[in-house]
Each structure stands twice: as C-alpha cells, then as structure tokens.
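Colleague: Listed in order, the protein sequences are those of chains A and B.
First residue of the first sequence? That's 1 in my numbering, and the numbers climb one at a time after it.
First residue of the second sequence? That's 101 in my numbering, and the numbers climb one at a time after it.
Errors might be hidden in some of the hints.
One side of the interface only, derived from the structure: several residues of chain A facing chain B at Cβ under 10 angstroms [as the list claims (entries may be wrong)]:
| id | residue |
| --- | --- |
| 1 | Glu13 |
| 2 | Arg39 |
| 3 | Ile44 |
| 4 | Asn48 |
| 5 | Ala97 |
Keep in mind that the hints were calculated from the coordinates and are not lab data.
Quick caveat: nothing in here was measured; it's all calculated off a predicted structure.
C-beta: ideal position from N, C-alpha, C; glycine also.
2 protein chains.
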Amino acid sequence: MIYEIAELYIKPEDHAAFQAGVSKALPLFKRAKGCLSLRLERGIEQENTYHLVIGWDTLENHTVDFRESADFQEWRALVGGHFAAPPKVEHFDTVIAGF
Amino acid sequence: MIYEIAELYIKPEDHAAFQAGVSKALPLFKRAKGCLSLRLERGIEQENTYHLVIGWDTLENHTVDFRESADFQEWRALVGGHFAAPPKVEHFDTVIAGF
C-alpha cells in the first residue's frame, strides 16, 4: 500500500464549494481499482492549502488506472475550478507503521 | 485531533541510521501527552524526503507540551544529525474523514 498526497491550493472564496465537491466525489474513489482510503485535511498555518491523502494498493492504481479513467475527468470537473494553482502530487511508502 | 506533518530531508548515506533512530524514539511519542498516532513515510519520487505523520489531541500538545519537554531534546538527539536540511513542519485538521 502507498499513499498519494495531493497538496491542493484553493481559492479563498471557494472553500465550501470545494469541500462539497470532494464529498460528492467520494463514490468515484470508493469504486476506483485499488483505492483503499481517502481523507481530506486542511492546513492550520496555511488555511488555503489542503492535503488529500489517498491510500492505493499500488502506485499504478493511481497513476495509470485512475488517471486514465473517465472518473478522473469527473473528479477534476467537480473540484478543478476551485484550484488557485496546480496541485502538487507525491507518493509515499510507509516505512514505520508506529502506533 | 490534528495531524502534524513534518517533512524531513535525510542525508543519502543516513537512511538506515535515521530509520533506526525513529524506531528507537517511538517510546518518547507513546508517552507524550496527547500523542495519538505516529507513522513514518518515505517519498517514492523524492526518496531522501520523509513525512513523519503524528496525530495529536490538540495543537498545543505538540507545539507546547512536546516541544518544551526533555523528550523533544532526546528526539532531536536521536535523529537531528541525519537531517540534510531543517524540517518543514505543518499542522492539519481533518475536514472529511472519507473512508
């Protein structure tokens, strides 16, 4: 399992609409191949910045299966208009599960 | 509950020692007031970058209680020598728990 961390920069006036778009998009991720979990976090120091944290079974489940799907286009249609800048997307492997 | 995300930049030759330091430090966090969870993630695209993801009951449990404790000094003694640059630390609130 890997984590996608998408850093999203949202227009100050669009927070409610953006959050509603993410809620509406949950079924797209729930049915995406290899998508295991999703959480949306908002920055405390940088309040126009969010982390969308998505667990995927494999890297390719995100970069190939999801990004090449029609659901990816629907996801972007739901939230892309609220972006103040292009998202920064990175992937991470858990190396210490801790507690 | 809030999440602390510490972005840590590690010297290329120090990965094993850094990871061992984090493992050794787990008891410090387990006993820290309000510390609920800890996970260490390593970047796939940026392999010298880690995210230390720590759940705290309140922001102050991290910024005051932990940072002013002797255990914080011990934590930095265990891992600080492996940093290639100063950490970038931010805090996030979960706004959509998702699935």
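Colleague: If a hint holds in the structure, say so; if it does not, say that too.
Modeller: Structure-based check of each hint:
Taking 10 angstroms as the C-beta cut-off, the interface hint given for glutamate 13 of chain A is violated, the closest approach to chain B being about 17 angstroms. For the restraint placing arginine 39 of chain A at the interface with chain B, the shortest Cβ-Cβ distance is roughly 5 angstroms, inside the 10 angstroms limit, so the hint holds. Nearest Cβ of chain B to the Cβ of isoleucine 44 of chain A: about 4 angstroms, under the 10 angstroms cut. The hint holds. For asparagine 48 of chain A, the interface hint is violated, the least distance from its beta-carbon to any beta-carbon of chain B being 13 angstroms, above 10 angstroms.
Evaluation of the alanine 97 of chain A hint against chain B yields a held restraint, the C-beta minimum of about 6 angstroms falling below 10 angstroms.
Figure legend: structure checked against the earlier numbered hints; hints not met, in rising order: 1 and 4.
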